[in-house]
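Number of protein chains: 2
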Amino acid sequence: MELYFSPLACSLATRIALYESDQPARFTRVDLSTKKTEDGGDYLAINPLGQVPVLETDEGDVLYENGAILQYVAERQPDAELVPRDGRARTRLQQWLSFLGSEIHKVVFAPLVDATSNDGARDYARSKIPSRFSRLAQHLGDREFLLDGFTVADAYLTTMLNWTALTGPDLGDWPALKAYHQRQLARPGLGRAVSEERALYFAEAKRS
Amino acid sequence: MELYFSPLACSLATRIALYESDQPARFTRVDLSTKKTEDGGDYLAINPLGQVPVLETDEGDVLYENGAILQYVAERQPDAELVPRDGRARTRLQQWLSFLGSEIHKVVFAPLVDATSNDGARDYARSKIPSRFSRLAQHLGDREFLLDGFTVADAYLTTMLNWTALTGPDLGDWPALKAYHQRQLARPGLGRAVSEERALYFAEAKRS
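In order, the protein sequences belong to chains E and D.
For the first sequence, my numbering gives the first residue as 1195, with consecutive numbering after it.
For the second sequence, my numbering gives the first residue as 1195, with consecutive numbering after it.
A portion of the hints provided could be inaccurate.
Identical chains blur together in the list; that is why a pair holds if it fits in one copy or across any two.
Lysine-lysine pairs mimicking DSS-like chemistry, simulated, CA-CA at most 30 Å apart [said to hold, decoys possible]: (1) 1230 with 1372; (2) 1300 with 1322; (3) 1230 with 1300; (4) 1400 with 1372.
Calculated from the structure, these hints are not laboratory results.
Remember, it's a predicted structure, so these values are computed and weren't measured experimentally.
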């Protein structure tokens, strides 16, 4: 497998899933501003929308979209149980992946991190934070995970909660969410993925 | 099963999936402005975000999110093949459901149909239309469906293409997308679902 990623972008969720399930992969870095891969290749030829992640499978399938890629990676290593085996729990996983990909990623964060956004779009995104974050906090309470055990949905949510350090809001306003975030970062596989990408991110920031 | 819906909202995709797979359900209408169900119930007690669809299963599970509800409904009636049985095709379905739920629904349409939006957010949403609609048109070409046969992803996309009549853009700018939309509307199950909700929508518009 080959994962196209950008440090600390949402593609980090797939790196977490790979580490948490002990699956090897090749990681190819993408410069999201120039849309070039680290070897100078044209990333738009791989993904016309220029977004990460893209996962190229060993069978040569080119997959887009966090929700699909995360489930694919998890299903390749069922023993790691990053997706639940039970049908009802699987439906719940799909519900959370869908909620995270739409209401949290695209409604809240996308306009806040996109340089082509504008003040109105950012205000609108911020107006959606209280209801969405409260929904998450209310569900989590003192649950350890979104479902009964650690799943790819936790990999995705943790990846986005990292962004609040740059974009706001202050997670202190949702203690259940802040505690959840800290607990996830303490996981060895997840923590290693975050540290590695953080190092890449700050090395790049220092250079430019 | 009980589907909470609002006429022509994204919950229409689930009605389409139910009709296309000949599954009975109870349909309960929600007034999205007052957040009341048709019998005067408090819809926020069912879904704190006040969005449709919600599907209550026969086992009493309350499901949110189009992506999860559509897969759940499709899997209850495997013979209708509204989700592909093959694993690789299933991953592709999840990719398209994720793309539709995030890039088309939440990035493009949500700010255009939400009364609490603002001009900046609407401009930002419109700026995303060419790349997203071209991606769809380029994939569709003269394909009949997003995948090899009709799936719940087509139910979802058709539901949103209906909205362009009110929000723009002109589908004539993407002939492959316009032709696809017309072909889907000609399907008996899908067409019946659209006609019924259109009648409910205009009866309500006339009353108010």
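Hint numbers not upheld by this structure, sorted from lowest to highest: 1
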